[in-house]
Each structure stands twice: as structure tokens, then as C-alpha cells.
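Heads up: the protein sequence lines correspond to chains A and V, in order.
Under our numbering, the first residue of the first sequence carries the number 2, and numbering increases by one thereafter.
Under our numbering, the first residue of the second sequence carries the number 2, and numbering increases by one thereafter.
Note that these hints are calculated values from the structure, not bench results.
Fair warning: there could be bad hints in the mix.
Identical copies go unnamed one by one, so any copy, or any two together, can satisfy a pair.
[Unchecked claim] Straight-line Cα separation of at most 27 Å, BS3-like style, residue types lysine-lysine; simulated pairs: (1) LYS216 / LYS161; (2) LYS376 / LYS97; (3) LYS376 / LYS161; (4) LYS25 / LYS343; (5) LYS343 / LYS100; (6) LYS272 / LYS161.
Protein chains: 2
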Amino acid sequence: MIKVLDVSGLRSDRMDALDYAIIKSGADAYVLYASSDEADMRYLSGFKTSDPFVYFKKPNHRSIIIVSQMEHARAVSESHAAVMTKAQAGLVEILKTEKDPWKATAKMITNQVQGRILVPPKFPLALARALQDSVDLIVDTTCLESMRAVKNRAQIAAIKNVQRVTESALDLGISLIRRSTERKGILFAGGKPLTSERVKFAINNHLMDHGCIAKDSIVSCGEDTAIPHCLGSGALKAHQPIVLDIFPKDERSGYFSDMTRTVSKGKPGAKVLEMYAVVCDAQTLAIRQVREGVSGAEVHQTVVDFFRDHGYDNTTTGFVHSLGHGIGLEVHEPPALGPSGKGLVAGNVITIEPGLYYPGVGGVRLEDIGAVTKKGFSRFTKFPRDLVV
Amino acid sequence: MIKVLDVSGLRSDRMDALDYAIIKSGADAYVLYASSDEADMRYLSGFKTSDPFVYFKKPNHRSIIIVSQMEHARAVSESHAAVMTKAQAGLVEILKTEKDPWKATAKMITNQVQGRILVPPKFPLALARALQDSVDLIVDTTCLESMRAVKNRAQIAAIKNVQRVTESALDLGISLIRRSTERKGILFAGGKPLTSERVKFAINNHLMDHGCIAKDSIVSCGEDTAIPHCLGSGALKAHQPIVLDIFPKDERSGYFSDMTRTVSKGKPGAKVLEMYAVVCDAQTLAIRQVREGVSGAEVHQTVVDFFRDHGYDNTTTGFVHSLGHGIGLEVHEPPALGPSGKGLVAGNVITIEPGLYYPGVGGVRLEDIGAVTKKGFSRFTKFPRDLVV
């Protein structure tokens, strides 16, 4: 099978895996319809636009995208796929008789591909219904997912790059906490209370300055840390856990990184200290276990057992989430590191993020990122794990 | 029908329209499965998370969302829907025998709803296939779309709010251009060339400082302006069109605004001056025509005709895009202001953005936002339309 031209370097160099999947399932083509906010589309098309468009691939042919006239010049210069306009694909003619937009899009697609069509799991039902009279649709729940889960060198370089920026941003945020002063239990910097918002602003600003966008960055403190995804607000306090969890996306590459640290300005209470030590050990234990062939479920269960042996539960308190997740063009993507996690494969990029959460006490979480290898885990995160700052 | 409790104020107060749609189509419930990055989910659930979750609504019952244990506390405090955990919905039991994640999610859903189920057009095909043996799925192509297209007061206030921030950000960007100095045709500020990147950074930074995130802001100059969605890069030039198009999202509300201005540092060439005058007049003409009952197609066609009468085409050059678009939780959403645009309704929030693009000459675009009313158009944009700065 031919190798498709890879302009960006960020697409899988195993693109012919898609051809293989098409042929293996007895299909004639693979079709997507989505905006490139959907990672499958960004991955296969290499084109970025906020409006939905059509991607299709026939075995041994170059990928083709169908975009609006106004996106044509940009698509030609940015996408590795061949580009057609909707007009070239016959949409203007179709719309003269077909007013339903889903049916019109379906006709435009069947002008290009017939027979059996492989589509991803998130393919829109309305378009599937409009297509089903003229073609056979097969849902691909494995091929594209496996392709995206194994990163090539360029993709790993892109994730390492955003992780480097993430660490410098987190360093900036933690240094604000470190350099703050305490007055009546509240942290102060520059004569004003040091708030969650101020730390997040410094972090997000640094990320933006480096071409990355962070949504929903977490800088939570005290009671709030017992709620894992609480974003945090208001003045930060001394002797309390402060959870910083950021997962920026590099706007150019589309790839994410993700990291979490828990710090405390001044020594926190004994319970938090104990939880922190156990979470550190749990992370080290999990990282040592990761390698190709081990399942995400096993690694997760190891940590569940380890926590239980140390008196920490995993019910509605304690270790309430999965140990980690794959990461790439989505912040959470396969492989899973939780009860349903299957065998890890070299090239998977994953995070390892054990955490413990107890209302009334607080929460502690640590998260590192790296690649699964044949023999272990190549950690990208180079950041210290110091609790007291 | 009962009124559902509206905590956020940003959800439609016509929520019972959903009940009406369910009953009218003979269905028993409305079901969504998506992350809240998908606007339908954000709209109906009022909850923000990056992982997919289940939303369902039975007529005369409160909406319910099914989230993971770790999101439970946050969902209870943030969503107006009632909250169940996946464990409460039986997922732990289901996963003991059902390993396929789509089938497991389908079983969890059918534990809660049976019979006929209404779903949105983008409902994932894999989940539809997993559900179809036990329930009847009906695709709703009209109800939710119409609900979202008509904004209530709180939603209009949210959009006006992000538009205010957008204008102050654009003002900042344009003032950098205005205060720059020219050396050999290049704009300079602070001793360095004033680049597209520097202007975008100032704009995006200001937006972030006000809780808004801008993706893909456009600051393009000269030749690049002839490509409508070219993001722009490098030094800005004097006597050339500079297109600034920004469409930030308010992180708290989830609502977008969108605006475009074209400016030139020093007088541009005669062709650009002429194009600018015609685009201004086209925008004024279109805005005068907008009111409830007029179709988006009519307004678009008026501008096409107006351009043609002034010697400008709408083929692969000239006016190459739609006149405008609805806007809300998505930057582009119904109603359309293009060839397929249907009747406008009071409460639609739309943009009016005529533009002309000629390679070798450049591009000009102006975009304002406002609400359709019974008698006209309530313009939110208060920004001047001065070309030469």
C-alpha cells in the first residue's frame, strides 16, 4: 500500500493502517464529517477549521477533504489531503432540489463514495440516517482509535514541547506561592491577597505567550481540593494543600499535555502530609509497573490495592478517579488507565495521576506524563514533587 | 407543563419546549451523550466538563445528568439538572458482563429510559447502534436547534457582555496600529516591527484578563487579507488593508461574540478604498433589511445583488462567503444568513459580515453583531467603522 504524503509530520506515519482497516472490513472508503475541533478529523485531515467538513479516504488513494470555497486556499496550503470545494463536489446543484442539509450533505458524499463506508463512532446519527438508503455504514470502533493511541516521533515531540511550556508555566505559578507572605493564614503578594485567580492568570498568560491555550486550569486550595475538578477561587491559604492542575493545548500542533502538582505554603496538617507521602509512593509504584503488555486495569488496580493497604478507600472518598489516561489531540483519550484499561502498547502517551480526596481534610494529586516503551515508561515530566514551598 | 428550575439564567426559559417536542414526536424522553464542549450539551445540562456524559429529560420531570463519581459534587453545585453518578445508574454492575463501552453506556441509558427516544442530529452513531435493539431513536433536527437559536434576556446579556470585552480588545489592537510609525512601508512600535503576532497577543491577553478565550484570532495584512480565514503573520505594512477578526468565548457563560474591522495605517490604494466603501454600504443595507419574518437567504441575496450592481462578483473571488451567521454557544450556529437561510425570528442573535476578496488586491470585511427584533435589528456592536487610522 502506498505511503501518503505527510506534510505536517504530526499525522501518523502508519496512515496505511487506515487503508488496511477499510480493506479488512470489506469497505470502500472511510468517511468523516466533523469540524476539526473533533480530534479524529484534526488527526486525519491535518486541517483546522471550526465548521464541519467532509473527509474521505479510499484505499490506495490520497485523502480528500471537501471544504467551502472561502477555505479552499487555506486548505490547499495547510492540509496534507487533496482539497475539493463543496461546489466542485456538486453541492450547489444538489441544493437546488434537496433542501434538507443532512440529506444534501449525504448526496454530496455519495457523489464521491459508494458501497460500504467505514465511519468513526461519533459519526452524526442524522447524517448516517440520510446516508443509509444508498450506502452501508460500518462503525469503526478500533482502527482509528488504535492509530491515534500510538504516537509517532513527531507527535511525541509535539507533546514534549507543550509539556516543556506547561512546566515553565507551573513553575511560575508555584514561585508566586513560594514567594508570597502569610498574614493571618492568608497568602499575600504585592500587598494584595494571592488568589487562585491571580495564579491562574500568571500561568495562562505564560502559556498563551508560548502559543498554548489552557482551559479550566485548576488552582484550588484547602476544602476545595477535596473536589478533584473544582477550579478554585479566592485567596490561597497557608498550611493548606494547593492543587495546581493544568492541561494546555498547543494551538499550532493541536496536542495537549497535562500535569498536576500539590504544594503547601508552610507545612500542612499531619493527615495531608501522610496522604501526600502515600500518593508519591503510589505514583512511583505505578510508573515502575508501566511497560508494553501490561494492562491499564492492572496498573490502576495496583494503586487501588496499595492505597487500601495504607488505609485509603476508593469509594465516594479516597481514590475516586482513574489512575490516568491517554493524551494527544484530546486531553483524555485511549488508552484507559482504569478498571476497563486494556494492554498498553509502546508509543502510547499516558498520564499517571493518583490522588486522594477527603472532605474536611482536603485533596492531594500528582500527575506526570510520558510514553509507554517496550521495557517501561519514558517520563516527559521533569518537575520536582516538593510539597512544602 | 412545569417550569424547570433555572439556576444559571443562561438556559432557555422556554425549556418546556423540549417537553413539547418529546410529546409531539410521540417520544418518552430526550437523550444526549456528549461532553459539554458540544453546545447542545452545555445548553441543556448547564454543566461544563470535557468528558462525555449522559443527559436525559422526560416530560414533566426534571432533567437528569449521569456523571462520574469524581464530578458528582461539582455537578450538584453547578448544574441545574438533577445529578446521578454512573455507579448509581448501574454502570459498575453492567461492566461486569458488558465489556463494550458503547453497549455498556447504552444499557445504562436504557436502565433510565425506554420506548421512543428523541436525540439531537450529532448523536454518536456507535451509541445509536448499541441502543437500537431496545429503543426507538428519533432524530430531532428542529426543536433543540430552534430553542438555541432564540436567545432569552440572560443569554443576550451574556453575548453583549463578551461583545463589550471584544470591542475593548479590538480597540487595543487598532490603537497599536494607529500609534505605530512607518519605516520603508513597515509599521514599527517600540523600536521593533509591529507584527500580526504582537497585535494578536495584545488582543488575546486583554480578552484573557477579562475571562474570555480567543482561538484563531485573525490579524492579517496585505495579500493575506484576500484569504478570508488566513490568520496572518509577520510585520504589518502601511497603506495596506489589515483585517482584524476576533470571536472570543466567555469561559464562564460559554457564549461567543464575533466582530471584524478592516483598517489601514495611512491611505490604501484606490481599489481597496472603493471596496471598503461598497462593503460599508452593503453592511448598512443588510442591517436595514433584517427583522423578524425576513429570510436569511433574502438578506444574503440582497448583498450579492448589491455587490454585482457595483461590479463585484461572488464566484471564487469577490463575496466568497455567507453574509453572516447565528451565534451563541457556538461561533457559527443557526440561523444561516446565506443561500439556505430561512425566516429570521425575534431573539435570533446574528452577525452581518459582508466582505470582498481579490488576490493581488486584498480583502475587506466588516462584521457587526446584534439581535433580530420584530421590527429590525438591535445592534450590539458600538465600534466605529473607520478604515484609515
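Homomeric proximity label, LYS376 with LYS97: Cα distance no greater than 27 Å | neither (60 Å within a copy, 31 Å between copies)
Is it within a copy, between copies, both, or neither that the alpha carbon of LYS216 lies no farther than 27 Å from that of LYS161? both (19 Å within a copy, 22 Å between copies)
**Prompt:** Between LYS272 and LYS161, at a C-alpha cutoff of 27 Å, which is it: within one copy, between copies, both, or neither?
**Reply:** neither (34 Å within a copy, 47 Å between copies)
- Task: Using 27 Å as the alpha carbon limit, work out where LYS25 and LYS343 are close: within a copy, between copies, both or neither.
- Result: within (22 Å within a copy, 44 Å between copies)
### Query
How would you classify LYS376 and LYS161 at a CA-CA limit of 27 Å: within, between, both, or neither?
Intra 20 Å, inter 55 Å, cutoff 27 Å: intra-copy only.
Within, between, both or neither: LYS343, LYS100 at alpha-carbon 27 Å:
Cα proximity of LYS343 and LYS100: across copies only (11 Å, versus 45 Å in one copy).
In this structure, the earlier hints numbered 2 and 6 are contradicted, and the remaining ones agree with it.
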